[in-house]
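Colleague: Take a look at the letters that make up each chain.
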Amino acid sequence: MIRYDVLKTLLPVLDDSLVVCNIGSPSQELASLADRPGNFYMLGTMGLCSSIGLGLALAQSKPVLAIDGDGSVLTNMATLATIGNNPVGNFVLLIIDNGSYGSTGDQPTYASGKTSLAAVASACGCETVIECTAEETAKVVKDALASDAMTIIVSKCESGNVAVPVIETDPVVIAHRFMAEVAR
Amino acid sequence: MPKQIDQQIVDDLVSQGIDFVTSVPCKQLAGVLEVIDQTTAIKHVPSNKEDEGMGLCAGAYLGGMRPAIIMQNTALGVVVNTLATLIQFYRMPLPMLISYRGEVGEKVACQVEMALHTKALLAQLHIPTYHFHRPEDVAELPGILAHTQMSKKPTAILTDASFWGAAQ
Numbered sequence: 000m001i002r003y004d005v006l007k008t009l010l011p012v013l014d015d016s017l018v019v020c021n022i023g024s025p026s027q028e029l030a031s032l033a034d035r036p037g038n039f040y041m042l043g044t045m046g047l048c049s050s051i052g053l054g055l056a057l058a059q060s061k062p063v064l065a066i067d068g069d070g071s072v073l074t075n076m077a078t079l080a081t082i083g084n085n086p087v088g089n090f091v092l093l094i095i096d097n098g099s100y101g102s103t104g105d106q107p108t109y110a111s112g113k114t115s116l117a118a119v120a121s122a123c124g125c126e127t128v129i130e131c132t133a134e135e136t137a138k139v140v141k142d143a144l145a146s147d148a149m150t151i152i153v154s155k156c157e158s159g160n161v162a163v164p165v166i167e168t169d170p171v172v173i174a175h176r177f178m179a180e181v182a183r
Numbered sequence: 000m001p002k003q004i005d006q007q008i009v010d011d012l013v014s015q016g017i018d019f020v021t022s023v024p025c026k027q028l029a030g031v032l033e034v035i036d037q038t039t040a041i042k043h044v045p046s047n048k049e050d051e052g053m054g055l056c057a058g059a060y061l062g063g064m065r066p067a068i069i070m071q072n073t074a075l076g077v078v079v080n081t082l083a084t085l086i087q088f089y090r091m092p093l094p095m096l097i098s099y100r101g102e103v104g105e106k107v108a109c110q111v112e113m114a115l116h117t118k119a120l121l122a123q124l125h126i127p128t129y130h131f132h133r134p135e136d137v138a139e140l141p142g143i144l145a146h147t148q149m150s151k152k153p154t155a156i157l158t159d160a161s162f163w164g165a166a167q
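First to last, the sequence lines map onto chains A and B. Its first residue numbered 0, the first sequence is counted upward by one per residue in numbering that gives the first Met the number 0. Its first residue numbered 0, the second sequence is counted upward by one per residue in numbering that gives the first Met the number 0.
Just so you know, these hints were derived from the structure itself, not from any lab. Treat each hint with caution, since some may be false.
To be verified - Dumping the calculated DSSO-like pairs for lysine-lysine here, alpha-carbon to alpha-carbon at most 27 Å: (1) K61/A / K151/B; (2) K106/B / K151/B; (3) K106/B / K61/A; (4) K48/B / K26/B; (5) K106/B / K48/B; (6) K152/B / K106/B; (7) K48/B / K118/B; (8) K106/B / K2/B; (9) K26/B / K113/A.
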């Protein structure tokens, strides 16, 4: 399974969760699969998906799922220390780890080499860290969203992208409708 | 030991509805951070780097809070992309309380190098910029914070060594 297949399996388990989705292919693939007001698409700013997700979870009580990637977490790896030291029960960080920079031509990341992001998350103080297969991901995410424990999930999947259009929705519209969904 | 000015700055943040603060520390801002940690009306989540901090602020804003970031001017070298593609692109209000290192009174020569670029970078980014040089300049803070929310822009409040040295 590639990222697109994992995203497709997530759709039935999202319910009313607020989703912060990583820049590039992940957001484009999610928007093409199922656009919803509760999706915040990152149009730029590589690396900050998990930070936005944590800030959002700390600010309000609805469940938050940040859909990040291995390359982006490596870009902002200190985020795992901030997350580990500021646990909040409504936050789930899903790192879709395909071992590559998908949006830029599938160049390998160090997560495909010697680096384990699950081990880094644990060492940073994150108490519930689950590494799973692509096939197991939807069930693990569903359980994590329903639980009161902040959970970091590393979903190991294959490298690859699906050709979908770029997101043309204005960023101000994305933020505005998302904030209305938060307040609903 | 915090000074009266530190308490006044935090009181202004609270009175203008700031309830989420992230920070990367600077010696000049230590007193403000100490007061913030004693202020229950503000949730303080320290960050490791200022771009990460702006991500936290963006999330807090989307979640209905009113964030601010406390940082040093050297960090402008870190956050240009985040300001342009996240804070400005999505039109998020974000007051940046900035220690303006490298101005007259500075003891560390290297700090002068980024001081040279500070106002130029902020001007290039079209960020409303306010410079507190004398203690009485702090009276502008509530208005600046209100202006930030109204305009939905990042704003920069530069606080230099003369300001901190003379303030009680």
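Colleague: If any of the earlier hints don't hold here, list their numbers in rising order.
Modeller: Per hint list: 2, 3, 6 and 9 violated.
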